[in-house]
Structures are given as C-alpha cells and as structure tokens.
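Quick note, the sequences are listed as chains F and C, same order. Mapping of the first sequence onto the working numbering: residues 1 to 912, in sequence order. Mapping of the second sequence onto the working numbering: residues 1 to 912, in sequence order.
Simulated from the structure, these hints should not be mistaken for lab results. Note that the coordinates shown come from a computational prediction; the quantities given were computed from them, not determined experimentally. Only true hints are included.
For identical chains, the list gives no copy identity; a pair is met inside one copy or between any two copies.
Heads up, simulated DSBU-like pairs for lysine-lysine below, C-alpha to C-alpha not over 35 Å straight-line:
1) K4 x K743
2) K823 x K674
3) K13 x K119
4) K59 x K743
5) K873 x K743
6) K907 x K344
There are 2 protein chains.
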Amino acid sequence: MAKKNVYFFGGGKAEGKASMPNLLGGKGANLAEMASLGIPVPAGFTITTEVCTEYYANKGKLPKALEAEVKQALARVEKTMGKKFGDVKNPLLVSVRSGARKSMPGMMETVLNVGLCSKTIPGLIEKTNNPRFVFDSYRRLIMMYADVVMEKAAGIEVAEGQGVRLKLEHAMEAMKHAKGVTQDTELDAHDLKILCDAFKKIVRDTLGKTFPDDPMEQLWGGIKAVFQSWNGKRAIAYRRIEGIPDEWGTAVNVQSMVFGNLGDTSATGVAFTRNPATGENAFYGEWLVNAQGEDVVAGIRTPSPLNKATKTEDNKHIKSLEEAWPKTYKALVNVRNTLEKHYKDMQDIEFTIEDGLLYMLQTRTGKRTGFAAVRVAVEMAESKLIDKNTAIMRVRPEQLDEFLHPMLDPAAEKKAHVLAKGLPAGPGGAVGQVVFTADDAQAWKEKGKKVILVRNETSPEDVHGMHAAEAILTAKGGMTSHAALVARGWGKCCIVGCGALNIDVAKKQVSVGGQVIKEGEWMSMNGSAGKVYVSALPVLPANPEANKWYKRIMQWADAIRQINVRTNAERPEDAAIAVKFGAEGIGLARTEHMFFQPERILYMRQMILSQNEAERRKAVMKLLPFQKADFIGIFKAMAGKPVTVRLLDPPLHEFVGSLLEDPEELNNLAKLCKVAPEDIRTRVESLHEFNPMLGHRGCRLGIAYPEITEMQARAILEAATELTKKKIKVLPEIMVPLVGTKKELEHQVAIIHQVAADVAKQSKIKVNYMVGTMIEIPRAALVADQIAQTAEFFSFGTNDLTQMGFGYSRDDVGGFLPIYLQKDILPADPFQILDQEGIGQLVDMAVQRGRSTRAMLKCGICGEHGGEPNSVKFCHRVGLNYVSCSPFRVPIARFAAAQAAIETPRKAAKKK
Amino acid sequence: MAKKNVYFFGGGKAEGKASMPNLLGGKGANLAEMASLGIPVPAGFTITTEVCTEYYANKGKLPKALEAEVKQALARVEKTMGKKFGDVKNPLLVSVRSGARKSMPGMMETVLNVGLCSKTIPGLIEKTNNPRFVFDSYRRLIMMYADVVMEKAAGIEVAEGQGVRLKLEHAMEAMKHAKGVTQDTELDAHDLKILCDAFKKIVRDTLGKTFPDDPMEQLWGGIKAVFQSWNGKRAIAYRRIEGIPDEWGTAVNVQSMVFGNLGDTSATGVAFTRNPATGENAFYGEWLVNAQGEDVVAGIRTPSPLNKATKTEDNKHIKSLEEAWPKTYKALVNVRNTLEKHYKDMQDIEFTIEDGLLYMLQTRTGKRTGFAAVRVAVEMAESKLIDKNTAIMRVRPEQLDEFLHPMLDPAAEKKAHVLAKGLPAGPGGAVGQVVFTADDAQAWKEKGKKVILVRNETSPEDVHGMHAAEAILTAKGGMTSHAALVARGWGKCCIVGCGALNIDVAKKQVSVGGQVIKEGEWMSMNGSAGKVYVSALPVLPANPEANKWYKRIMQWADAIRQINVRTNAERPEDAAIAVKFGAEGIGLARTEHMFFQPERILYMRQMILSQNEAERRKAVMKLLPFQKADFIGIFKAMAGKPVTVRLLDPPLHEFVGSLLEDPEELNNLAKLCKVAPEDIRTRVESLHEFNPMLGHRGCRLGIAYPEITEMQARAILEAATELTKKKIKVLPEIMVPLVGTKKELEHQVAIIHQVAADVAKQSKIKVNYMVGTMIEIPRAALVADQIAQTAEFFSFGTNDLTQMGFGYSRDDVGGFLPIYLQKDILPADPFQILDQEGIGQLVDMAVQRGRSTRAMLKCGICGEHGGEPNSVKFCHRVGLNYVSCSPFRVPIARFAAAQAAIETPRKAAKKK
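Please construct the entire structure, taking both the sequences and the accompanying hints into account.
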C-alpha cells in the first residue's frame with residue numbers, strides 16, 4: 001500500500017488521532033482527536049511531516065501522489081462543510097497552517113482566506129451579505145500571501161523596510177490618512193475594494209509577479225510556503241534554543257475557514273483550561289468580538305476577559321463572554337471539561353464564534369509556568385485524574401527553577417513607587433537595565449549586563465532578545481500573547497499589556513505619565529504581581545517550601561528517587577542554603593578557595609616560594625589553624641551528613657601569578673621571606689605553564705610536596721575529632737584530585753592514613769573517614785578497577801573529564817564552540833549537558849570497573865552536570881549513588897532523579 | 001614442603017640450573033649450570049632472591065629456616081673443597097656476592113676473603129707459605145667489610161670524603177709514603193700485618209664497632225649487606241635507567257675463594273667468547289698475573305691480552321696467556337667452546353688461575369655493541385647454532401641505533417691531528433665539549449649541551465654522567481672495564497685505556513704531551529677506531545646497508561614482520577633518507593611547517609588577520625601554489641608509496657604570536673593589510689589561549705574556516721593530478737586532525753570530496769585518494785565505531801592521546817614527571833614509551849570499534865611512539881597495519897615489528 005500523505009478530519013470523524021503528532025504535527029493530531037470526540041471543528045485535512053522531509057530531500061519537490069490525495073480530501077471537506085472550493089456561489093475558503101510535532105508558536109507561516117479570487121468574491125458577498133468583510137478578508141489574503149508565499153518562500157532577500165508586506169501596510173496607512181480615519185475598521189467596503197486593487201499592483205511592481213487569481217494555485221502556493229518556512233531563520237533559531245531536531249519537519253493543516261470577524265455576532269478567542277500562570281483550576285481566557293484569531297495572539301488589541309475568573313483591575317469593566325453570550329460560553333465550558341477529562345492535562349485552546357456558532361480551531365497541551373506546572377500536576381493527582389508518577393513527569397525539572405527564583409523584597413516594594421501595572425505573565429522578581437530592541441538585549445547581555453526588554457508587543461523576530469533578557473515588559477497583549485507564552489515557557493519574569501507605557505523605540509525611551517525612562521536606566525519587575533518600578537530594588541532569595549504544591553510534589557519525588565543529592569559548597573552559609581533546598585551532604589568542598597583570603601595567601605605564597613622542604617613545611621603549617629577552622633564550620637553546618645573535601649587542586653601559579661603585576665606586594669613578600677624580589681619573580685615565572693589545565697596541579701602537587709597533603713589531612717581530621725568530642729556527627733570523605741594512576745592515589749592515601757593514625761593517637765578518638773578520588777582524567781576511568789582497590793569512593797569530575805575527553809579547554813572553548821553549535825557539529829555545549837555518548841562512556845566504564853574490584857564502591861558526580869536534569873538521569877541509569885550540584889540546583893536534581901527512577905527503575909535502591 | 005632458600009653447586013653437581021635466574025639470579029643460576037656441565041667451579045651456594053624479598057617485607061629480618069640451610073650447604077662446600085670454614089689448619093675462605101636476575105654490573109656490594117680472622121690466619125699462612133698474600137687478603141677483607149657491611153649496610157650516612165674506606169686508603173697511602181714506595185705490591189708481609197692492625201683501630205674509632213673476628217659473624221654480615229645493597233642509591237638509579245623492577249630482589253652467592261693473587265703462577269682474567277665490540281668470532285679477553293678479579297674490572301691496571309686476537313698496537317709486546325701458559329689457555333678455550341655450544345650465545349666469563357689450576361667464577365650472556373649483537377646473531381644462525389627467529393630475538397631493536405649513528409667524516413679525520421689513541425670500546429663518532437665529572441656532564445646536558453665525559457676510570461657512581469654524555473673517554477681500563485661495559489650496553493661512543501691522558505680533575509683540564517685541553521673545549525672521538533681529536537670534526541650520516549650482517553638480519557626481519565613501517569616527514573630530503581632506511585610510506589606529513597617560511601608566513605598571517613571570509617579566502621589561495629609545490633616534492637620522493645598528509649593542526653596564535661615582540665614586522669604587516677597596527681595587536685591578543693593544547697586547533701580550524709581545508713585539499717589533489725599525468729604513482733591519504741565527533745569529520749570530508757570532484761572535472765583525471773582521521777582525542781576512541789563510518793583510515797596520534805588521556809601537557813610535564821619517575825609513581829615517561837595499560841586501551845578499543853563498522857579500516861600510528869620498540873610491538877598486537885616514525889627510527893621499528901611477529905604471530909598478515 002502506498003504511503004498515506006493526507007489525513008482528513010471533520011463532521012465527527014477523523015483519519016488521524018492525538019497519538020500521531022510525529023506524523024501529523026501537534027495541531028493536526030489534536031484537530032483529528034477533537035473531531036473524533038464530536039467537538040465542533042471546521043473540516044480539513046493534514047499533510048504529513050513525512051511529506052515535508054521528502055520535500056527537502058527532493059530539493060523542494062512534492063511527492064507525485066500528493067495532488068490526488070489533496071483533491072480527494074478537499075472533496076470530502078467540501079461535502080462536510082456544504083461548500084465548494086472555488087465555487088462561484090457558495091465558495092469554501094481555507095486556512096493553510098504549519099504544525100510541527102512540538103509547538104513552535106509563531107515561528108512558521110500561515111495563510112488565511114485561501115480561495116478568495118475574482119470569481120468567488122461575488123458569491124461570498126451575496127452569501128454573507130457583507131461586502132466589507134469579503135474585501136477585508138481579501139486584502140488580508142493578498143497581504144499574507146504576497147509576504148509569505150511570493151516573497152519569503154520564493155527566497156527573495158529584501159533589505160530592512162523594503163519587504164512587500166511593509167509596502168502594503170504603508171498603502172493601507174495612506175488610505176486611512178486620506179480618509180481621515182485611524183482604525184482599520186473605519187475603512188468601508190468600497191475603500192477596501194480599491195485597496196485590494198492597489199495591493200495587487202504593488203505586489204506586481206515589487207515582486208514582478210501577479211497575485212494568483214486561481215484558488216488551487218493559491219492553495220499549493222500556501223502549502224509549499226509552509227514547508228519552506230520550516231527552514232526559515234526564525235524557525236531554525238527557535239529550534240536551536242529548544243533543542244528540536246531539524247529532521248522532524250512540519251505538517252500542513254488545510255482547514256475550512258470560519259470567521260470571527262463576520263460582524264457583531266462573531267468573535268474569536270483563546271483560553272486555557274486552567275490558569276497557566278498560577279495553575280489555579282479556573283477556566284481562563286480572552287476573546288474579541290468581530291476579530292480573527294491572529295488579532296488576539298498578536299496582542300494588537302487588548303482582549304476582553306472570558307469570564308469572572310479572568311477579570312482584573314484593568315478589564316473588570318469589560319463584558320466577559322460569560323456575561324455577553326452565556327449560552328455560547330456554556331458550550332465552551334463543556335468543551336473545556338471534555339478536553340481536560342480526555343487529555344488529562346491542561347489544554348490551550350483556540351475558538352471562533354461565527355454568527356453565534358462555536359468552532360474549535362485548536363487544542364494543545366498548554367504551556368505553563370513552573371508554578372502552574374506544579375500546582376496543576378499536584379491537583380490533578382490529588383483529584384485522581386492522573387497518578388503521582390504522571391504528576392512528577394508533567395513538570396520539567398528546570399521549571400522548579402522558578403521556585404528558586406529570587407523575588408523583589410516585599411518591604412522595599414511597599415515603599416517604592418509603582419511606575420505601572422500590567423498582566424503578571426511570568427512570575428518572580430527581576431532587576432535590569434532597560435533596552436528597547438531584541439538586538440540590544442542580546443548585545444548588552446553578551447557584555448555581561450542584565451537587561452529588561454521593553455516592547456510594545458513582541459513577535460517571533462524578538463526571540464533571541466527575549467532569551468537574553470532578565471525579564472520582558474510589553475505595553476500591549478494579554479496573558480496569551482506571544483510575549484506571555486514564550487516567557488512562560490522559559491520561566492522568565494514577564495509583564496504584558498502594561499498600557500500606561502508610551503514607548504519611543506527611535507529615541508530609545510519610554511514615558512509613563514510625565515516620567516521618561518531612557519535606555520540603560522534600571523528597572524525592577526514583580527512578575528507575579530504585574531508591578532513595574534523605576535529603580536533597582538533589593539532582591540530576596542527564594543523560599544520554595546512556602547508553596548504547598550511544591551512541597552507536596554517534592555515529597556513524592558523524594559520518596560521515589562533512588563540516588564542522593566548533595567551540594568557543592570565550601571562556605572557554611574552556602575551549605576546551609578543547600579540543606580534548606582534538600583541537600584543530603586556535600587559532594588565537593590574545594591579547599592583552594594580558602595587560601596585566597598589576605599592573611600592566608602601570604603602563607604600560601606611563602607609556602608610556594610620556599611626553597612626546601614623544611615621551609616615549605618613551616619609555611620604550610622601556618623595554614624593549619626585556618627583550614628581547621630574552615631572545616632569545623634562546614635562540618636557543623638552539615639552535621640550528620642557526609643562531606644567530601646577535595647585536597648588542593650589548582651596549579652600554584654594561580655596563587656602567585658598576580659605578584660608579577662603588583663611590585664609592591666612582591667617587595668613586601670620578598671622582605672617577609674628574606675629573599676631578593678628578583679628571586680621571587682624568577683620563581684613565579686618558573687611556575688608559568690603553557691597548558692596549566694594539564695600541568696602541575698591536583699595530586700601532582702601533593703606528591704611533589706607531601707607536606708601540603710599532610711597539613712590538609714590534619715586540618716580535616718583534627719576538625720572532625722574536635723566535633724566528635726562535642727558529640728557532633730561528622731562524616732568526612734577526603735578526596736584526592738586528578739588521579740590518573742593507582743600509585744598516585746596510594747602515595748596520597750598513605751600520607752592521609754598516617755596523619756589519621758597520628759591524630760587518633762594524640763586525641764585518643766578515632767573518627768570515621770573515607771578516602772577516595774575524583775575520576776576526572778580519562779586514564780583513571782580506563783584503569784578504574786585498579787584505582788578502586790585503593791579508593792573507597794569515586795566522584796566524577798565531569799568538567800575536567802569533558803575537557804580532557806573532548807580536548808576542549810573550558811577557558812578557550814569560546815573560540816569555536818559557538819561555531820560548532822551553529823553548524824550543528826555538536827548538539828549542545830558539553831560543559832552544560834553531559835555528553836552521554838562519549839564522556840558518559842567513561843563514567844559508565846569507571847563505575848563498572850571500579851565496582852568489579854570493590855563491589856560497594858560509592859560513586860557520585862561533582863561536576864557541574866550534577867544539577868542538569870538530563871545528566872542527572874544519566875547518573876541514575878549508570879548506577880551512581882549521588883549527584884552533587886550548586887545549592888540552587890539541588891531541588892532540580894532531586895526532581896530529575898525522581899523522573900529517572902520512574903523512567904528507568906533500578907534493581908536496588910542505592911540510597912545511603 | 002618448606003620453601004628451599006639455599007641451592008648448592010660444585011664438584012660437578014648443582015641443585016640449581018641456568019633456567020632459574022629469577023630465583024637464583026643470573027650469576028647463581030649460571031654457576032650451577034657450569035658446575036653441572038663439569039666445568040671447574042669453586043664450590044658454593046646461592047641464597048634465593050625470594051629471601052631478599054622476604055628480607056624487605058620483614059623490615060630487614062631473614063627467614064628463620066635460612067640459618068640451618070646455610071649451615072648445611074656450607075658443610076657440603078667444605079666437603080667438596082676439602083677445607084673447613086673457620087678451621088685453624090686448613091681454613092675455607094668464601095666470597096659473598098650479589099646476583100640479580102639481570103646483570104647490574106658494580107651496582108651492588110661484594111665482600112671477599114670472608115673467614116679470615118685471628119684464628120684462621122696462622123693456618124692459612126702455613127698452608128700457602130705466603131704471609132704477604134694472607135695479610136694482603138686480610139687488609140682487603142677489612143677494607144671491604146668495614147665499608148660495605150659496617151658502614152653502608154648499617155645505614156650510616158657520611159659526608160663526602162669522610163667514609164671509612166677513604167680513611168683506610170689514606171692509611172695505606174701513608175704507609176707507602178713512609179716506606180718510600182708507590183705500588184701496593186711493594187708493601188711486604190710485615191707492613192701489611194701492621195696495616196691490618198691500624199685498619200682495625202681506624203674502623204673502631206670511625207664506626208664505634210669492632211671488626212668482627214668470628215667467621216660466621218663475618219658471613220652473615222656479608223649476606224645481609226648484599227641484600228641491603230639492593231636498595232642502595234646506585235642500584236636504584238641503575239634500575240630506573242634500565243627499567244628493572246624494584247620487586248625482583250637480588251640473590252646472594254657464597255662461594256669458595258680461589259686466589260689469582262697467590263703469586264706468579266696465579267692469575268685472573270675476564271673474557272668474551274667472541275669480540276663484544278665487533279662480534280667477530282674470536283676468543284677475546286684480558287688477564288693479569290697475581291691479581292684478584294676486581295683488579296681487571298676496575299681498570300686500575302691495564303691488563304694483558306688473552307691471545308693473539310686480542311693484541312693491539314698498544315699491548316702487542318705483552319705476553320698473552322696463550323703464549324705464557326699454553327696449556328692453561330687450551331683448557332680455557334675448551335671451556336669457551338663448551339659454554340658457547342651449551343648456551344648458544346656469546347658468553348662473558350670470569351676465571352681465576354690459582355697456582356696453575358683454572359677455575360671459572362662466572363659465565364653470563366655477554367653484553368655487546370649493536371654491531372656485535374647483529375654479527376654474532378647472523379653468524380650463529382648461518383652456522384646453524386641458532387635459527388633465524390632466535391637470531392632476530394637476540395638483538396635489541398634499540399641496538400640498531402648504532403648502525404644509524406653518525407660517524408666522523410673520514411676525510412676530515414685523515415687531515416686532523418690525532419690527539420691520542422685508546423681502546424675502541426664503543427663505536428660511532430661523537431663530538432662534544434669536554435667535562436671532567438659526572439655531575440658536570442649531567443648539568444651541561446640539562447642545559448642542552450653536548451658533552452664528552454673524560455675520566456681516569458669510571459665507577460658505578462658515574463653512571464648518571466655517562467648516560468648524559470655523548471661519549472666517554474677514560475685514561476685507564478680495558479675493553480672489559482666498567483666504562484666499556486656500560487657504554488657498550490647503551491651503544492654509546494666510548495674509548496678506554498687512553499694512557500696518554502693526564503687528567504687534572506681539580507683544574508678541570510687534561511694534558512696530552514704538552515697540549516692542555518680545558519673544560520668546555522671541543523673534542524671529537526672515533527669510537528670504532530679509538531681515536532681522539534681536539535676539535536669538532538664534521539660528522540657523516542650513517543650508511544647501515546654497507547654492513548653485510550645488518551643487511552642480512554634486516555632481510556630476515558622484513559620477511560617475517562606483519563606490519564608496515566612508514567616515516568614522519570614533510571621535506572623531500574627527509575623522506576628520501578627514510579626510504580633509504582626502509583620506510584614504506586609517509587605516515588605523517590605535517591603541513592604547518594610549510595607555512596613558516598618568510599614568503600609564506602606573510603600570507604598565512606594575512607589569512608589569520610582577515611576580517612571576513614572573502615578576505616580570508618583571498619589570502620589562503622595565495623598559499624595554494626606553495627602548498628602544491630610542497631606536495632609535488634614529497635609525492636615524487638615517495639612515488640608509489642602512500643603519503644598521509646595532515647591538514648593544518650596548530651592554533652593560529654603560533655603563526656602570529658611573535659608579532660607582539662616585533663613591532664617592525666607588525667607595522668609592515670599592518671601596511672600590507674591596510675589596517676591599523678593596533679587592530680592587528682588586538683586580533684593577535686584575542687587569539688591567545690589559556691590552554692592552547694586544548695584550544696582552537698586541528699579540524700576546529702577547518703570547520704571555522706572551511707577555506708583553509710579547501711585550499712589544502714586542492715593543493716594535495718592538484719599535485720597528485722599533475723604527477724598522475726606524468727605517470728608517477730601517487731597515493732595520497734588526507735588526514736583530518738583532532739576529530740572528536742563524527743560530525744566534525746563529515747564536515748571536513750564533504751569539503752574534500754567536493755574539491756576532489758572539482759579538480760577531477762577540471763583535469764579530467766581521477767586520482768585515487770583516501771580520507772581519514774587522526775585518533776588523538778580520547779572521545780574519538782570511544783566513538784570510533786561512528787567515526788569509522790566516515791573515516792577510511794585511522795592514524796593514532798599517541799602524543800596527544802597521551803596528553804589528554806593522562807592530562808599531562810607535554811610542555812609542562814617537566815614540573816612533575818621527574819618526581820614521578822623518582823618516586824616510582826610512573827614506570828616510564830609515557831611520552832617515550834606508550835602507556836599500554838591505560839592509553840593503550842584507547843588504541844585497542846578504537847581499532848576494534850572502528851573495524852566493527854568498517855572491517856577493512858586501515859589503522860596506523862604516527863605519534864612518536866611509532867619508533868619505540870615496546871610500543872611497536874604493542875601496535876602489532878592490537879592489529880595496526882603500520883607504524884610511522886622519524887626516519888632514523890625506521891630500521892628499529894622494522895626490527896621491533898619482526899620481533900613482535902615472532903613473539904605474537906597474528907592470524908592474518910595485514911601488509912599492504
């Protein structure tokens with residue numbers, strides 16, 4: 001049987017279904033599903049994503065079989081709708097829309113009103129008795145078609161401001177000006193008819209081609225243009241950010257037009273089955289009388305509230321759909337209930353009311369904030385609509401970040417003057433400098449600045465700038481506008497529909513009342529309350545546990561996860577925050593940071609510049625009391641929880657390099673050490689390395705200068721002894737860094753055990769401690785079986801493992817990594833997301849080999865991947881006992897670990 | 001059954017045999033073997049190496065069972081020799097000597113004449129009727145024992161010049177001075193008796209202990225001292241150089257003394273069954289009348305020739321053993337023949353003639369020069385004593401280096417004045433600056449200087465300096481002296497017994513006749529002829545094929561080896577030398593070296609400093625004709641042989657970094673590029689990397705700047721096309737460097753194929769070429785299966801693989817590698833000898849995984865390990881098709897490959 005390219009839906013029947021998004025795209029699959037459910041959907045058909053793939057494989061040629069299939073499906077649509085495409089009396093008009101597997105809002109092209117032409121216009125006028133509507137639809141068709149099909153899809157490159165669409169808009173503005181009106185709606189049928197003729201002339205003059213007057217030609221042009229838009233610049237950029245593969249392709253949905261702009265008994269709207277910002281179980285939406293759907297989404301007109309639950313201070317005076325057309329509203333509520341029950345998830349829907357009749361144009365899983373994701377999941381689970389595991393899988397681990405987001409200090413907010421209020425589209429607090437274009441946002445961000453992007457409204461062209469910004473503020477648009485949708489998807493602070501703003505992009509300033517705020521001025525935003533302030537307000541850390549739904553879902557997650565989550569911290573304050581966020585120990589306490597304080601670095605430098613062991617030992621031992629105090633602090637903060645302390649790691653040059661630029665400091669040190677400044681200079685220079693990353697660091701230091709290891713081991717063990725005396729439980733795990741051979745580890749372990757024996761003898765107290773190593777050198781993974789004979793635990797330093805495994809210096813990767821990502825050589829930055837395919841093999845291998853010689857070997861990860869959800873899941877799968885990450889990533893890691901346990905349960909829980 | 005600790009030999013019987021060197025040490029095993037063969041060997045016994053291991057494991061305690069076993073064996077020795085240890089009438093004296101698995105000449109301790117004491121002295125005087133001999137033996141015993149047992153083995157550290165031995169020597173000198181004599185032999189029995197008393201007093205005063213007067217106490221002191229000397233400084237240093245494991249331990253041989261110093265019918269000598277310098281099949285040795293064995297080896301008296309074959313210009317007037325005592329000589333020749341026939345290899349033997357009776361004290365495989373090793377092996381194989389494979393296994397691949405050694409230009413030698421002549425102890429020519437101490441030799445070498453070490457004689461304390469020197473020249477000693485033995489073992493140029501030298505170490509000068517040569521002056525040596533010149537003579541490259549034995553054994557080796565040997569070269573001259581040495585292709589032609597010539601670097605820099613692709617392409621294309629000419633040269637030199645060309649590899653900073661130090665050059669470039677010098681400076685600085693080794697280099701350049709790859713591919717393919725037109729066979733293999741992911745390679749391969757298609761279209765000639773990659777990044781080995789889908793060949797860049805696999809920067813490893821070797825953390829420098837255990841896994845894995853997706857994948861190695869014999873053998877074992885190394889290592893690699901094929905034959909020969 002030949003491959004089926006086209007799937008019909010409509011009239012209570014459908015060839016596709018919701019489970020076919022890969023083939024039909026999300027929109028097509030769900031239209032089919034709705035049709036099958038008996039929900040009123042305008043009839044139509046979906047051309048599969050496979051056709052898109054074929055289209056690109058065959059350099060822009062569509063498969064031969066397609067034409068016949070489209071004709072057949074079109075005939076069925078005509079029959080269902082009782083109209084005929086291209087018919088002079090009762091013409092069917094259709095929309096042509098994209099629809100990828102995963103929603104890419106606004107990133108691809110759409111053509112509406114296809115089928116309007118000189119021969120169908122009179123019939124439609126007669127049928128609707130509304131010539132103004134018909135010509136308005138026609139001018140919209142010409143505008144979209146010229147832009148999307150005749151210019152963009154044809155690959156015509158135009159300079160900024162030279163595009164055909166802009167020219168057509170200017171023509172329309174000119175006509176309004178000539179007529180002395182300001183609104184599109186003030187142009188009458190006659191005006192629009194003239195405008196359509198003018199449009200067609202401009203199209204011909206600009207593009208050298210005539211606007212097609214044949215419905216079938218329009219239809220095929222639209223279909224091809226949608227396929228073509230899959231590889232448009234915007235779509236590609238969006239796919240990069242979202243990690244959507246290029247190979248997926250888009251489907252094309254051809255659907256009967258229904259009109260929300262047919263007059264005052266028509267309307268259009270979008271809604272969420274629950275509140276997408278808070279997750280509250282209340283029907284939530286917006287609508288506009290006499291409008292097409294794009295008008296709501298584009299945020300050009302601020303829409304009306306759907307119902308009482310959607311009303312705000314700003315729009316409570318406007319009639320809701322519930323109030324205006326209660327019967328239609330009730331029909332819509334029924335659809336809402338059907339959909340939630342059927343899909344068992346919060347839906348994002350689009351509807352049109354044509355002459356009082358309700359049509360559903362789309363349903364899809366609704367994007368939501370992290371707050372909403374958690375609340376919806378918990379409430380659905382508690383009402384037994386879904387089970388707990390499903391609830392956990394419903395929240396992306398990264399979304400928890402919102403709970404950890406800082407917020408504006410409420411006390412400061414109370415005192416501050418509220419500049420303006422808008423709709424709270426993305427929660428949390430944000431502070432930044434104001435910029436007015438997406439490009440500026442990106443450029444400033446690259447310079448390390450925090451910016452707030454202020455726009456009248458945003459469009460898909462702004463996505464890169466929105467991504468760069470701390471927060472987004474728009475003057476227009478509602479809770480379902482482009483800005484709101486995108487910001488919510490990213491968990492970004494966002495306020496929309498802030499009508500008080502008067503933005504002058506050319507002057508790079510915004511005025512509110514009389515107050516003018518210029519580019520670069522500081523602004524603060526409370527995205528949860530929709531409040532804007534002109535100053536940098538103080539920001540408070542997050543307190544996630546205050547949210548009952550968060551608390552609940554984290555309890556569920558903790559109950560199911562099989563690996564522990566620790567934190568990377570060396571300051572007691574940070575450790576305390578991490579414990580608050582659920583850390584079960586410290587996976588990495590770096591000791592070198594402790595040496596940079598002024599009083600300490602002096603001894604550190606003396607140590608480094610020593611001429612012989614005796615001198616060096618003397619200097620090192622001066623550091624002992626400091627180190628001991630550090631460890632007492634951190635062990636106390638983590639009482640009863642394991643603490644992994646890494647011995648000195650960085651090359652010594654890091655501690656003395658700055659002396660070369662600071663002659664005074666150098667001279668002081670020379671005096672103190674009683675040596676000539678020149679000698680110090682020479683010694684410092686001799687410590688310079690060509691590739692310090694691969695130089696004299698890690699355990700190579702402890703082997704060359706065993707007294708350093710001795711001092712550190714003593715500090716750890718004396719601190720542990722002192723606290724043990726005070727009945728505080730201490731579980732130190734001493735970690736030897738940068739081990740590549742068993743003998744290196746043996747050398748260091750022998751010193752540590754010797755010191756431990758000395759300390760135990762002196763204090764008559766024996767503390768429990770473990771000695772292990774970081775696996776961060778590829779060779780260590782290869783000989784992990786040998787190393788595990790000596791190591792009691794492994795901690796994967798995946799940062800260095802990635803550096804050495806890939807041969808990428810993290811400090812220099814900026815030279816080529818952006819090119820690699822752009823050219824799709826790498827799927828992601830391997831320093832952010834663990835390269836499971838390559839570097840992951842080393843981790844997996846080391847765990848297996850290590851446990852082949854030490855069955856109970858404790859394994860963890862302390863590289864920065866330990867807080868990245870995909871990497872956490874990998875760690876679960878390869879059998880690690882714990883992951884360790886920065887305090888603010890701890891909840892995310894806990895949650896990702898739970899998802900991993902649901903996706904791939906392990907035989908034995910390794911929790912300790 | 002309890003473990004046997006002691007093995008008896010003597011009287012035609014032995015408990016041990018030659019095949020037990022691991023247990024008995026080389027010396028003990030061979031003494032046993034000789035005894036079994038009926039060769040006259042003074043009876044004795046061997047304490048096993050296992051006892052040594054136990055001795056160290058138990059912190060210096062000997063196993064309990066040992067005492068009884070030693071007593072039992074001693075009784076058997078007494079019975080065999082008809083004397084009794086400690087007997088007052090007919091006392092047995094014994095020697096106590098070390099004996100490791102592998103000979104470590106002079107590195108451990110020996111005590112002779114053990115058993116002499118106040119109660120045995122009178123009996124021995126009566127028995128020998130030679131009181132002078134007895135007291136001379138006694139003073140030797142005291143001297144050795146005090147030094148070796150009472151001082152060194154007791155762990156007493158003494159300052160330079162404060163050792164007990166030196167004090168005893170001073171006492172002896174003082175007595176000679178008082179008596180007005182110069183030679184030891186001029187002291188009579190009475191003098192020596194007094195001296196012995198004086199010695200004992202000095203020993204007591206210096207060491208606070210009395211010299212033991214009990215034979216058994218002496219014996220056990222000697223045994224322990226030998227075990228102790230296994231961990232002496234010299235022994236450890238030697239083991240490091242020779243790669244002998246610390247765990248092996250030494251055996252102890254206790255053997256009846258026989259005396260070569262019993263008068264004029266006694267003598268001692270050492271001999272080789274063939275000439276150890278040339279390999280000539282002639283009995284070769286030296287002897288001394290009335291002397292103990294150490295006198296010959298120490299080189300204090302220049303010995304007499306053994307026979308006619310051993311006579312030289314300098315000693316032809318001295319009576320040979322053959323002439324002096326023809327009967328004894330004949331007995332010795334019989335022993336020689338027996339031993340060679342039995343051992344089937346050239347032997348190094350020691351003998352003593354006591355009162356006309358011949359005793360053999362040692363036989364072992366004789367150390368030999370590379371020249372000798374090859375000739376002996378070939379001649380033994382041709383005479384059917386051994387087979388060809390055995391012959392090949394008899395030569396260490398590194399020994400072939402001698403054939404490749406340069407020699408002094410004979411024409412220049414003819415004209416030059418010969419300063420002095422000595423014995424040609426180590427072949428080849430050498431030129432260097434004169435130094436007079438081992439420490440100076442090492443220090444100068446570390447500064448990059450070439451030195452010749454000039455000494456009166458060398459001792460084991462000089463080993464580090466001898467290793468550092470280009471050549472060794474001694475005033476004393478014969479062909480079997482310490483200097484000669486050690487130099488021969490290393491294939492180093494060496495002249496000994498150069499009596500004309502008057503060396504003044506204090507003044508750091510040597511005079512010959514009236515001519516004074518000071519430290520730092522240049523000297524040239526012809527080690528094959530024994531000639532010394534005072535000037536730096538020109539040196540000629542080697543011509544190994546002129547040696548018929550070399551030619552023969554290399555033919556045998558080439559016939560058996562299963563992998564090919566290529567060379568790393570980019571200049572046609574070097575390629576030609578390599579072909580002469582047997583290279584079968586080029587495994588690595590680096591293209592970056594070609595860009596450093598003045599006319600080229602200009603374009604290279606323009607390319608690097610280009611602002612955009614168009615500019616860059618223009619600059620790059622200017623390099624095309626140069627590159628093409630380079631490839632034509634190298635392809636011609638290698639006509640018919642494969643040539644692997646690596647695309648640009650180093651970071652761009654290498655080409656422009658020097659501009660920052662050369663403002664003039666920078667300004668010139670700025671003018672040429674029409675940009676501000678400051679802009680160039682900024683760009684150059686922006687190219688600086690923290691870890692350039694892990695930075696923007698290799699294929700990362702070709703991906704960022706595809707035009708570079710295009711140009712290089714075009715140069716290669718146009719060159720190949722041009723030569724193909726001229727009927728010259730060209731086999732280019734284009735190698736993409738630093739690949740870590742399949743997509744990187746795909747990106748570059750697509751460019752290369754595109755260029756190839758273009759060139760083929762333009763020229764209408766299709767050249768065969770391959771495209772492959774270097775496996776030098778650990779990740780590449782891990783995903784080799786994927787990479788092999790695109791790569792037609794792999795070439796292992798084990799230098800970088802070692803750098804990244806170990807995390808060692810080759811440029812910075814000096815900071816810790818010496819410490820690692822000294823502390824035995826690493827067995828060897830992994831950049832010299834491939835770390836088979838760790839990095840080797842990556843190679844093995846990559847070969848297997850690569851061939852899992854491309855069965856016929858060609859695999860080779862182009863890192864510097866490709867010329868290191870152990871690494872070559874590894875390459876054979878893991879199934880590589882070829883190794884590639886520097887031209888001068890090619891014969892060594894060919895030979896190592898043959899040995900590998902003998903040791904581990906592969907199923908299928910992969911030669912292509």
